[in-house]
Amino acid sequence: MMRWVGFGCRLVTGGIFLFACLDKLQKPGAFAAAIDHYHLVPYALLHPMAHGLPILELIVGLALVFGVLRRGAAMLAAVLTVIFIVAIASALVRGLDISCGCFHTDGGHAVGITLLLRDFGLLVLCLPPLFFRDAGPELSHLRKMAAGSNG
Amino acid sequence: MGASAATSPPGKLNLRRPLMEACALSVIVLAVTAVSWALRPDRLPLSADPTFYKLELDAPLIATKQAVALYDAGTHLFVDTRPGPIGATPTIPGSVPIRQDSFDDDLLDLFDFITPEDPLILFGDGNLSLASSIAARLKARGYVDLEILSGGLEAWRAAGAPLTGESGP
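Chains as they are written, first to last, in the numbering used here: chain Z, 1 to 151; chain D, 152 to 320.
Simulated from the structure, these hints should not be mistaken for laboratory data.
Among the hints, a few may not be true.
Claimed, not checked - Computed cross-link-like contacts, DMTMM-like style, restricted to lysine to aspartate or glutamate with a CA-CA straight-line distance of at most 25 Å:
| no. | chain 1 | residue 1 | chain 2 | residue 2 |
| --- | --- | --- | --- | --- |
| 1 | Z | K27 | D | E207 |
| 2 | Z | K27 | D | D200 |
| 3 | D | K216 | Z | D23 |
| 4 | Z | K27 | D | D193 |
| 5 | Z | K144 | D | E207 |
| 6 | D | K205 | Z | D23 |
| 7 | Z | K27 | D | E172 |
| 8 | D | K205 | Z | D97 |
Just need the whole structure built from these sequences, with the hints factored in.
Structure follows, in structure tokens:
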């Protein structure tokens, strides 16, 4: 039972990260502007982050969905989500009226409590793939099975 | 498979392996980012120009595709904000010049042609601060419906939209 809970969380979290990276990968300029609206990232890091963050989301999403380095991917997903929560909370505290830039670089959800709760939900989903020893079928399992049948 | 087998043993939270896996994934991410940055034709410069991000425009930006649709519909007037003599370089057919250096004279020439209620789309060579500055001056004269063409004339040309002195695709 726990295995399938972990598997479900893995697929949902991975799917969310994959969906989140699509628009950002296509529009690095617009994503850089979305990051800049938070007034948290220094300009020296803005463009590297606008290029790197969607790729991080892509690789974390793929690793979770296919079960490659699954626990490390879940750890990165959890860390990223905590960073998103801190950024959204700080924007709320400072009264910034901005769109989150989570899934769409132009428009999208405005920063607010709902968004914060959504990210807390995502953080909870990251935990089973991180802490469970078995979180459903993984590519590494298939490799071991293949090695076992050969041996 | 029971819960005891699926989860880590209680009281023994070993994060060493996920930490090592996270490091391995981070290295992969860095490598892919570097390759992607080097290969992308639309890559951003490594260092961001703060003036670009701090610029607060005096009129909203309009995307080229949307501007071309409005041009085809004939509902908006296009304003060429580029400095230099009129007609020296290709421009959007039917556009009128309002330049920074000759702002008052240009506006006077257009006195019978445009009213403050007319919807205007300002374009230049992509220099947003110049177009924004002219938008601010127009606003001060009572013009209310102003937009700035994102990407300027280059984006217009890249979209295959018509230009004076150039035959269409």
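Next on the checklist: Going through the numbered hints above, which ones does this structure break? Give me the numbers in ascending order.
Outcome noted: Checked against the structure, the hints that fail are numbers 5 and 7, while the rest are satisfied.
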